[in-house]
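*Asks:* Sequence:
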Amino acid sequence: MTAITVGLGGLAGWRVLQRMEARQVEATAKDPVVQRAAAYFRDNLSTKTTTDALVGDYKMLQVALGAFGLDTDIANKAFIRKVLDSDLGDRASLANRLGDKRYLKFAEAFKNIGNAASTGQAITDAYVQRQFEKRVGEGNESYRLALNARNEMKAFATRTSSDKTMWYEVLGNKALRTVFEGALGMNNSIANLPIDRQLEMFVSASERVLGSSSFSEIGTSEKIDKLVTRYLALSQIQTNTTSTRYSAALSLLSQR
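The letter at position 246 of the sequence shown is residue 293 when you use our numbering, and the numbering goes up by one with no holes.
Just so you know, the hints here were simulated from the structure itself, not pulled from any lab data.
Keep in mind that a hint or two might mislead.
Label pairs and their calculated CB-CB ranges [what the hints assert, rightly or not]:
1) K201 x T52: 20 to 30 Å
2) R206 x F126: 19 to 29 Å
3) N239 x A280: 21 to 31 Å
4) G103 x Q71: 16 to 26 Å
5) A238 x A69: 17 to 27 Å
6) R255 x K124: 37 to 47 Å
7) N123 x A280: 32 to 42 Å
8) D118 x R138: 24 to 34 Å
9) S268 x R70: 18 to 28 Å
Straight-line alpha carbon distances no greater than 20 Å define the calculated EDC-like cross-link-like pairs of lysine to aspartate or glutamate that follow [stated by the list, open to error]:
10) K95 x D172
11) K201 x E269
12) K201 x D137
13) K158 x D90
14) K181 x E155
15) K221 x D147
16) K129 x D99
17) K124 x D134
18) K77 x D172
19) K95 x E73
These numbers come from a predicted model, not from an experiment.
Using N, Cα and C, we set each Cβ at its ideal position, and we do this for glycine too.
Using the sequences plus the hints, can you model the full thing?
*Replies:* Structure representation (structure tokens):
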């Protein structure tokens, strides 16, 4: 995988990445490996309508999971089967119980394939976007997390779920949670607290820092930009502080 780098760090690099994003996503889509994977998925979707057929085809599953950022589960076929076979109408089913709602979205996408052509295109488009984000992450993981958070938040803003439901999704989504914790200045040790207490703390911090805890408001372009830029700025400060301390420690050691 070829890393995508911008030659700068922090907010300056983020602004450069935003300007070059469309061109780089297009280049990712034209990459021969990505292109072949996406074409194979679209061409075979209409014949892979059962759980066993999808899970049994490594190349199909790779794209399917990749589209939802679940690539690391490629070897967990028994688990993926259970997710896909979940009764989505039953709140107690596995897909509904998992805190990370990407699994639920994954199950929903394949429960009723319907129009294979439109479904295939939507999933391969998402797969290309995720591949782009992964390549950015090879150069700068903070930028990958920022891209993911931006796209997730845009989707949240269009949904009719309650704010409480969506906050629980943030808490269960490791990548998105990392950005919120960083932007809101929260210590990741709060993950050890009861989930309801965590929710209270995130809501309170969001109202204080972003001016609202409602996703209809914090999902606007202005608020998403504030969330992402705060995350990147504070991450850069933390990185620079750590680097300075490390350099100081080395300097002290070299003087002995």
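*Asks:* Confirm or reject each hint.
*Replies:* Now for the hints, and whether the structure bears them out:
no. : hint                    : in the structure
1   : K201 x T52: 20 to 30 Å  : holds, 25 Å
2   : R206 x F126: 19 to 29 Å : holds, 26 Å
3   : N239 x A280: 21 to 31 Å : holds, 26 Å
4   : G103 x Q71: 16 to 26 Å  : violated, 33 Å
5   : A238 x A69: 17 to 27 Å  : violated, 36 Å
6   : R255 x K124: 37 to 47 Å : holds, 44 Å
7   : N123 x A280: 32 to 42 Å : holds, 36 Å
8   : D118 x R138: 24 to 34 Å : holds, 27 Å
9   : S268 x R70: 18 to 28 Å  : holds, 21 Å
10  : K95 x D172              : holds, 19 Å
11  : K201 x E269             : holds, 11 Å
12  : K201 x D137             : violated, 27 Å
13  : K158 x D90              : holds, 19 Å
14  : K181 x E155             : violated, 24 Å
15  : K221 x D147             : holds, 8 Å
16  : K129 x D99              : holds, 11 Å
17  : K124 x D134             : holds, 18 Å
18  : K77 x D172              : holds, 12 Å
19  : K95 x E73               : violated, 27 Å
Going through the hint list in order, the structure does not satisfy hints 4, 5, 12, 14, 19.
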